[in-house]
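Start from the sequences and build out the full structure, keeping to the hints where you can.
Just so you know, the sequences run in chain order A and B.
Residue numbers for the first sequence follow this note's numbering, beginning at 1 and rising by one.
Residue numbers for the second sequence follow this note's numbering, beginning at 1 and rising by one.
Hints are computed from structural coordinates only; laboratory data are not their basis.
Every value quoted in this text rests on a predicted model; they were computed, and no experiment measured them.
Some hints here could point you the wrong way.
To be verified - Covered, in the sense of this in silico footprint (three residues per stretch, anywhere, with C-beta under 8 angstroms from a C-beta of chain B), are these stretches of chain A: (1) 23 to 37; (2) 132 to 143; (3) 247 to 255.
What the hints assert, rightly or not - Take a look, some chain B residues computed to stay more than 12 angstroms from chain A by CB distance: (4) 63; (5) 112; (6) 137; (7) 206; (8) 273; (9) 274; (10) 277; (11) 279; (12) 299; (13) 304; (14) 308; (15) 343; (16) 348.
What the hints assert, rightly or not - Interface residues of chain B toward chain A, partial, derived using beta-carbon atoms under 7 angstroms: (17) 228; (18) 269; (19) 270; (20) 275; (21) 300; (22) 303; (23) 307.
Beta carbons: idealized from backbone N, C-alpha and C, even for Gly.
Here is what each chain is made of, one letter per residue.
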Amino acid sequence: MAALGWLEPLWAFSFMQRALLGCVLLSLSAAPVGVFLMLRRMSLTGDAMAHAILPGAAVGFLISGLSLGAMTLGGIVAGLVVAVASGLVARSTVLREDTSLAAFYLLSLALGVLIISTYGSQVDLLHVLFGTVLALDDAALALLLGIALTTLLAMRLLYRALVLECLDPDFLRAHSPRWSALAHYGFLVLVVINLVAGFHALGTLMAVAIMVLPAAAARFWVRRIESLLWLAPVLALLCCVAGLLLSYHADWPTSPAIVLALGALWLLSMIFGRFGVWRQRSVSAVHLKG
Amino acid sequence: MKRRIFGRGLVAGLGLAGLGLGGAAWATGAPAGAGAATGAGAATGAAAAGATAAASAATATTAALPVVASFSILGDLVQQVGGERVQLTQLIGPDSDAHVFQPRPAQARLVGQARLVFSNGLGFEGWMPRLLRSANFRGQHVVLSRGIEPLRNPGHGHRHGHGHGHGHAHDHGEHDPHAWQNVAHVRVYVRNIADALCAADAAGCDFYRQRAQAYDAVLAQLDAEIRAAWAPIEVAQRRVIVAHDAFAYYGQAYNVRFMAARGVSADSEPTARGIARLVQQIREERIRALFVENVTDPRLIEQIGRETGLRPAGRLYSDALSAPGGTAPSYVEMLRHNTQALTRAVAGI
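What follows is the structure, encoded as structure tokens:
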């Protein structure tokens with residue numbers, strides 16, 4: 001009963017219910033995307049993309065104020081331009097993806113900083129760019145729902161290509177360049193729209209966390225892609241709820257509380273998980289002897 | 001690497017360390033993104049103020065005294081006292097938030113050339129000492145809150161909504177800086193301005209004293225007006241929800257209880273507990289007045305409104321004036337506007 005009392009704020013207030021719903025939607029869509037990010041060794045790409053989105057959202061805000069639509073559109077456009085441009089450069093020049101992405105996101109970031117500092121507006125832009133999950137309104141929740149549905153549908157359709165692109169990209173590219181390109185760019189689109197969804201709820205810097213950390217934690221428990229794709233959202237949701245409750249009971253700011261809960265889970269998984277440090281010690285000792 | 005520096009800039013902008021880190025990030029050349037949104041507004045405000053001051057200075061017999069005020073409210077006060085004998089620059093313009101300000105090179109140059117720099121003190125402009133040093137400022141730095149009795153910033157743990165300015169103290173240190181919300185304190189500010197201008201420009205001393213006296217009479221009348229406006233409203237009924245904890249001095253002077261969704265700084269992050277507490281208070285104490293401010297994000301207040309069925313009753317001006325032509329382009333008009341909005345909302349008109 002005591003535990004139930006501890007959970008009580010989740011349904012006692014409608015803003016908590018909204019926050020919870022936002023977390024569910026975000027966990028469902030962002031965490032599976034994070035699994036593929038991890039498998040493709042692109043976790044840092046997510047971080048770079050988050051910065052690429054920021055200036056687009058800023059421009060959207062400057063043009064039409066606190067409009068969810070304009071900021072979302074701006075963020076998606078900026079993110080897609082950077083994603084596609086860096087992908088094109090990576091596929092057609094000597095530069096690899098990481099370098100071209102870094103170059104483009106730095107350009108995007110610099111452009112955004114320039115725009116913000118030249119046309120500052122009355123509500124400080126940073127308050128706007130740092131979303132808070134406590135202030136989600138109906139429109140924001142509808143947007144999160146739309147993005148979650150799009151993501152799940154797209155992952156269902158692209159599943160085989162995505163998996164192949166993770167495991168053996170050269171094979172896929174050689175046998176079906178079209179599917180390879182579709183999987184690659186389709187995936188980048190998913191990353192971008194999920195980051196935009198995340199920034200409404202958690203802010204741009206923290207949005208990456210709900211992608212990367214659950215996937216990384218899940219990897220210490222399971223091996224198969226299907227299992228990862230199930231476990232990551234569950235872990236994400238658990239941590240979001242824990243973070244919300246922590247924010248309520250300990251009086252901590254919400255976004256950092258959620259991200260720290262995710263981080264704590266990741267650390268615990270790393271130590272105690274089936275493939276974590278603790279259980280794998282004996283295995284690696286055997287390997288060393290052999 | 002780039003990301004980390006930018007991240008730190010954002011953190012500074014967020015006001016986690018609005019005092020120390022904000023200045024540090026600027027001094028070490030981190031991108032101007034963090035506070036630049038306000039910087040731009042400041043520049044236009046400063047340019048406008050500079051232009052008008054320069055225009056009036058042309059008619060004055062002697063060269064105008066170059067002075068700098070840290071933000072728009074102090075700028076108005078200095079202009080009221082200095083008149084056409086001063087050439088005023090405001091670092092932070094109308095509708096801009098001082099918590100996340102970062103100076104720009106052009107502003108540093110103006111500060112370097114100024115004879116007097118006016119700041120509020122009490123930790124409101126944490127970046128000021130660094131700016132003065134790096135701008136090689138050789139004039140007199142005047143802290144206008146000197147001589148008032150500052151309210152203490154209660155310690156950590158009382159972050160939200162315990163009335164009378166219980167706010168989070170991480171940003172502003174020991175004292176609540178928003179002293180200008182009490183007209184009696186501003187009368188002290190005006191005396192301090194006149195003293196400083198007299199010391200810097202002895203020839204104009206009579207001029208300054210005369211203007212300060214005239215303005216003091218206006219302020220005294222304003223104070224009486226505000227008291228008269230609140231007089232018919234029962235003290236128990238005087239409860240208001242605002243976005244950030246900037247009205248403790250107003251609350252103290254005119255016996256109004258303010259509860260804030262965020263801490264003292266406009267940019268401290270809200271907690272679920274804090275919002276829940278406000279929602280409960282609104283329900284239990286039947287609070288009717290819910291306000292957004294000109295320098296803060298309205299979404300949180302709107303969420304509280306949805307939860308409790310209250311509609312935000314309007315916009316208050318806390319840390320900045322509105323642009324000329326707005327509803328609160330001067331200090332006196334700002335307090336009049338706030339008082340009218342507050343009394344109407346509380347009385348349920």
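Hint check results:
no. : hint       : in the structure
1   : 23 to 37   : violated (count 0)
2   : 132 to 143 : holds (count 5)
3   : 247 to 255 : holds (count 9)
4   : 63         : holds (32 angstroms)
5   : 112        : holds (21 angstroms)
6   : 137        : holds (23 angstroms)
7   : 206        : holds (39 angstroms)
8   : 273        : violated (4 angstroms)
9   : 274        : violated (7 angstroms)
10  : 277        : violated (9 angstroms)
11  : 279        : violated (6 angstroms)
12  : 299        : violated (4 angstroms)
13  : 304        : violated (7 angstroms)
14  : 308        : violated (9 angstroms)
15  : 343        : holds (25 angstroms)
16  : 348        : holds (24 angstroms)
17  : 228        : violated (31 angstroms)
18  : 269        : holds (3 angstroms)
19  : 270        : holds (6 angstroms)
20  : 275        : holds (6 angstroms)
21  : 300        : holds (5 angstroms)
22  : 303        : holds (5 angstroms)
23  : 307        : holds (5 angstroms)
Hint violations for this structure: numbers 1, 8, 9, 10, 11, 12, 13, 14, 17, all remaining hints satisfied.
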